[in-house]
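Chains A and B are the protein sequences, given in the same order. The numbering used here applies: residue 1 is where the first sequence begins, and numbers increase by one. The numbering used here applies: residue 1 is where the second sequence begins, and numbers increase by one.
Treat the hints with caution; some may be incorrect.
[What the hints assert, rightly or not] Anything over 10 Å on all C-beta distances counts as not near chain A; from chain B, calculated:
hint: 1; residue: T43
hint: 2; residue: A94
hint: 3; residue: L203
hint: 4; residue: V237
[Unchecked claim] Listed below are the simulated SDA-like cross-link pairs for lysine to any residue, each with C-alpha atoms no more than 25 Å apart in a straight line:
hint: 5; chain 1: A; residue 1: K205; chain 2: A; residue 2: I178
hint: 6; chain 1: A; residue 1: K174; chain 2: B; residue 2: E88
hint: 7; chain 1: B; residue 1: K84; chain 2: A; residue 2: M49
hint: 8; chain 1: A; residue 1: K115; chain 2: A; residue 2: K174
hint: 9; chain 1: A; residue 1: K29; chain 2: B; residue 2: D184
hint: 10; chain 1: A; residue 1: K433; chain 2: B; residue 2: Y152
hint: 11; chain 1: A; residue 1: K371; chain 2: A; residue 2: Q400
hint: 12; chain 1: A; residue 1: K394; chain 2: B; residue 2: T43
hint: 13; chain 1: A; residue 1: K65; chain 2: A; residue 2: S46
hint: 14; chain 1: A; residue 1: K172; chain 2: B; residue 2: S70
hint: 15; chain 1: A; residue 1: K114; chain 2: A; residue 2: T417
hint: 16; chain 1: A; residue 1: K174; chain 2: A; residue 2: K196
hint: 17; chain 1: B; residue 1: K84; chain 2: A; residue 2: S231
hint: 18; chain 1: A; residue 1: K261; chain 2: B; residue 2: D184
hint: 19; chain 1: A; residue 1: K205; chain 2: B; residue 2: Y152
[Claimed, not checked] Sample of chain B residues at the chain A side, in silico, Cβ under 7 Å:
hint: 20; residue: G31
hint: 21; residue: E88
hint: 22; residue: V156
hint: 23; residue: Q270
No wet-lab data here; the hints were simulated from the structure. All C-beta atoms in this analysis are idealised placements derived from N, C-alpha and C, irrespective of residue type, glycine included.
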Amino acid sequence: MKRMIVRLSLVLAVTLVAWGTSVNAATLKLAMDADPVSLDPHVQLSAGMLQYAHMVFDPLVRWSKDGGLEPRLAEKWEQINPTTTRFYLRKGVKFHSGNELSADDVVFTLARLKKSEDYKGLFEYFTEAKAVDSHTVDLITREPYGLVLAMATYIFPLDHKFYSGKDEQNGKMKDVIIKTDYSFANFNESGTGPFKVTGREQGVKTTFVRFGDYWDPNTGNVSEIILTPISEPPTRVAALLSGDVDFIMPVPPTDLERVKKTDGLQLVTMSGSRIITFQLNQKRRPEFANAKVRQAMAYAYNNVGVAKKIMKGFATPAAQNSPRGYQGHNAALQPRYDLARAKELMKEAGYEKGFSCTMIAPNNRYVNDAKIAQAFVTMMSKIKIKVTLKTMPKAQYWDQYDAQVADIQMIGWHSDTEDSANFFEYLNMCPDKETGRGQYNSGNYCNPEVDRLTLAANGETDNAKRSVMLRSIEQILFDDAAFIPLHWQNLSWASKKNMNTEEIINVMNFPYFGDLNIQ
Amino acid sequence: MFAFTVRRVAQAVLVMLIISLIGFSIKHNFGDPVRELVGERVTPQERQQIRDQLGLNDPFMVQYGRFLKSAVHGDLGRSFFFKKPVTEVILAKAPATLELVFCASLIVILLSVPLGIYSAIHPRRLLSRLIMGVSIVGVSMPVFLTAILLIYIFSVELGWLPSFGRGETVQLFGFWDSGLLTRDGLRHLLMPSVALSSIMLPLFIRLIRSEMMEVLETEYVKFAWAKGLRPRRVWYVHAFKNTLLPVITVGGVQLGIMVAFTILTETVFQWQGMGSMFIESVERADTALMVSYIVVVGFIFVVVNTLVDLIYGLVNPTVRIAGRK
């Protein structure tokens with residue numbers, strides 16, 4: 001009998017311990033459409049690499065869910081003169097290597113960002129970072145710049161002691177940025193983030209383990225993340241439905257309903273900030289230089305219908321670049337589908353009989369890209385514009401896009417600065433090879449007023465004034481029908497119900513997995 | 001035998017040269033690898049610089065010559081995406097694909113032979129008709145559909161089998177990651193192999209059935225019956241052996257095709273082998289990896305066909321291998 005009791009209590013103890021650990025230390029099996037291409041956050045500026053950076057590194061400040069900024073490694077900041085912003089760093093923050101975070105790391109990181117091919121454009125306004133003392137650092141810009149804090153979300157301090165010196169394996173410096181070959185930084189990391197990379201088989205799986213000395217105690221309870229890339233959407237969904245993984249992103253539009261209806265799963269969607277547009281090349285087609293023709297096409301395109309029917313409600317119809325929440329979002333601009341008005345405009349422009357033109361679109365870059373382009377072709381035929389469409393995979397598309405081989409070209413854009421001016425700089429300003437402005441303006445729309453206002457907005461540090469300028473640019477683009485805006489693609493995440501998924505996601509699509517709590 | 005081997009090696013080299021030339025000449029149509037390496041903000045000038053550094057701007061023959069020269073030294077180039085030599089990437093991925101093909105072939109052989117024989121011997125029985133009916137469905141269903149159906153039935157609805165990946169693997173001989181030795185690995189292997197075998201299995205059942213039926217009508221079988229041999233001996237020894245000849249010929253070619261079909265199966269099951277690696281390398285325009293995959297698969301084709309020719313001689317001594325006088 002005694003033995004029996006001992007045994008029973010042993011079993012009980014073991015179950016309790018097992019149960020206890022499952023509450024405190026949880027493993028997250030995560031499936032994304034791709035895995036990080038490198039462990040070096042500066043090797044590529046892409047959503048995937050930024051998602052990785054938020055797991056293994058910490059930025060100075062980060063976006064909160066409502067679009068505001070939260071202090072992370074910088075506890076507070078102040079502008080000390082028009083071109084200098086001072087950041088006070090948190091004390092006692094440890095890197096994964098054990099080194100302590102200091103102002104020198106920020107100096108090192110900014111210098112490295114300016115060397116990175118992908119980031120140097122983004123940081124061109126910054127001249128340098130200067131260490132004031134061990135935990136205070138000044139970011140200095142060339143001229144007054146309204147987006148210093150937005151850019152600070154991209155500064156994920158790297159451990160400069162860890163990344164300095166010569167690497168044995170290739171005889172190069174450890175901090176060198178190499179895209180296509182071995183480099184120390186591509187295969188080793190030391191950040192301050194909530195997770196350390198403990199195992200990585202590229203394209204197969206990456207294992208992250210919670211960093212024991214993480215500075216922020218008020219975060220989630222995930223002790224380990226196993227990230228598997230599953231590129232096929234149906235397989236990704238099946239993996240979640242069968243319980244093989246706990247969290248997937250993105251969820252394909254065709255399976256949203258199914259995930260939503262499944263017990264034990266939660267689906268979180270959000271209107272995104274990537275605008276999808278068609279650009280009408282005025283240099284190739286004299287017709288498109290006529291604002292009336294462009295307006296007619298904008299009136300003839302039913303973006304509400306496309307969002308509902310083709311995108312299955314998984315998109316927000318757009319009439320401008322800036323999504324809601326951006327400084328430049330102009331609430332007065334609404335989708336304007338009106339076929340009668342479109343026909344009238346074509347008549348006024350003298351193209352009552354229509355004309356024919358060519359168009360290209362990618363078929364694996366944006367959600368339903370080829371289908372949307374086909375719908376556009378049908379809609380344009382209603383105003384007698386005969387469009388010959390060619391779609392192709394993204395690997396081939398961008399060369400064709402750059403060469404401007406067709407009269408109408410599709411492009412989607414996400415603003416890296418989370419700010420409206422970025423759209424204008426790349427998509428709507430007059431193309432200029434010298435400055436790189438209008439680099440993705442294949443419509444060749446050129447309006448000096450738009451250029452002037454965009455540059456003025458970049459130098460304006462008063463947010464209220466800036467917002468007025470940016471909104472007026474959207475108005476000009478809308479009135480001119482500078483391009484055809486389609487919609488903002490929605491974002492989606494799905495996970496098991498026992499976690500606070502809703503709280504960690506945001507419109508940038510950088511889930512803060514460090515804050516994830518699994519019950 | 002020696003002459004045969006020499007001739008085969010020479011043929012193999014020629015085939016692979018042609019394959020590499022074709023692979024190399026189409027690689028430009030897959031787009032610019034640099035695009036996949038950089039973010040959207042990078043200017044055309046900077047992209048041009050990267051292309052120069054990677055030697056992508058050199059004339060076609062210069063690039064091809066460079067490729068051949070290092071290929072002779074066993075270096076097929078570097079994968080931009082994996083940041084490693086291509087041979088290393090392919091060697092790491094090959095075990096997954098080969099194990100998958102091996103298991104699928106095993107399923108095909110173990111099932112098609114008894115089912116084919118049975119339906120040839122008893123063509124009118126209900127079971128035979130059922131086998132034929134199901135095989136029609138199997139042969140007309142695309143692999144990816146079979147694969148997705150399997151996932152939905154066995155992973156999502158029943159929850160019996162894992163839906164993706166290879167599971168737990170064991171490293172053998174220091175480089176071969178095998179999923180055949182762990183229970184978890186085998187569980188992961190089951191559905192992909194069934195899906196992959198689903199295209200070949202019906203084909204083989206039908207092939208064996210029709211060949212066998214034909215053989216059963218021949219004079220020597222009739223003579224065997226007349227001699228009063230036991231049915232088993234007539235069916236399984238005398239008739240079946242002669243059925244095998246065409247089956248082996250087709251089998252050799254089909255095994256190669258099976259390697260090609262792994263592309264679909266691996267993509268659906270997120271099976272980390274050469275097939276999914278190839279599709280991804282096409283999407284990323286990772287050209288060195290793409291061309292090398294084509295060359296390696298070409299090599300496998302040549303090797304398999306050579307083996308088939310050898311086995312042919314063993315099964316039927318009257319067939320003389322070309323080159324043996």
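Hint by hint, here is what the structure shows:
A cut-off of 10 Å between C-beta atoms contradicts the statement that B:T43 is not in contact with chain A; the least separation is 5 Å. Listed as outside the interface, B:A94 is consistent with that label: its C-beta sits roughly 14 Å from the nearest C-beta of chain A, beyond the 10 Å cut-off. Against chain A, the non-interface label of B:L203 holds: every CB pair exceeds 10 Å, the least being about 26 Å. No Cβ of chain A comes within 10 Å of the Cβ of B:V237; the nearest lies about 46 Å off, and the non-interface call holds.
Distance hint between A:K205 and A:I178 is fulfilled; the C-alpha atoms sit about 22 Å from each other, no more than 25 Å. Using a Cα cut-off of 25 Å, the hinted pair A:K174 and B:E88 holds, with the two alpha carbons roughly 23 Å apart. The straight-line distance between the Cα atoms of B:K84 and A:M49 is roughly 19 Å, inside the 25 Å bound, and the hint therefore holds. At most 25 Å may separate the alpha-carbon atoms for a hinted pair to count; A:K115 and A:K174 meet this at roughly 14 Å.
Taking the CA atoms of A:K29 and B:D184, the gap is near 17 Å; set against the 25 Å cutoff, the hint holds. Restraint check for A:K433 and B:Y152: the C-alpha separation of about 52 Å exceeds 25 Å, so the hint is violated. With a C-alpha separation of about 19 Å, the suggested pair A:K371 and A:Q400 falls inside the 25 Å cut-off, and the hint holds. Distance hint between A:K394 and B:T43 is fulfilled; the C-alpha atoms sit about 18 Å from each other, no more than 25 Å.
A threshold of 25 Å between alpha carbons decides the hint, and for A:K65 with A:S46 the separation of about 20 Å falls inside it, so the pair holds. Distance hint between A:K172 and B:S70 is fulfilled; the C-alpha atoms sit about 24 Å from each other, no more than 25 Å. Restraint check: the Cα-Cα separation between A:K114 and A:T417 comes to about 16 Å, which is no more than 25 Å; the hinted pair holds. Pair hint A:K174 plus A:K196 holds up; C-alpha atoms about 19 Å apart against a cutoff of 25 Å.
This hinted pair checks out: B:K84 and A:S231 have alpha carbons roughly 21 Å apart, not beyond 25 Å. For the hint pairing A:K261 with B:D184, the CA-to-CA distance comes to about 30 Å; that exceeds 25 Å, so the pair is violated. The suggested pairing of A:K205 with B:Y152 holds, with an alpha-carbon distance near 23 Å, which does not exceed 25 Å. A hinted interface residue such as B:G31 counts as satisfied when its beta carbon comes closer than 7 Å to some beta carbon of chain A; here the least separation is about 3 Å, so the hint holds.
Evaluation of the B:E88 hint against chain A yields a violated restraint, the C-beta minimum of about 11 Å exceeding 7 Å. Below 7 Å, beta-carbon pairs count as interface contacts, and B:V156 has one with chain A at about 4 Å; its hint therefore holds. Hint status for B:Q270 relative to chain A: holds, with the closest Cβ pair at about 5 Å, below 7 Å.
Checked against the numbered hints above, the structure violates hints 1, 10, 18 and 21; every other hint is satisfied.
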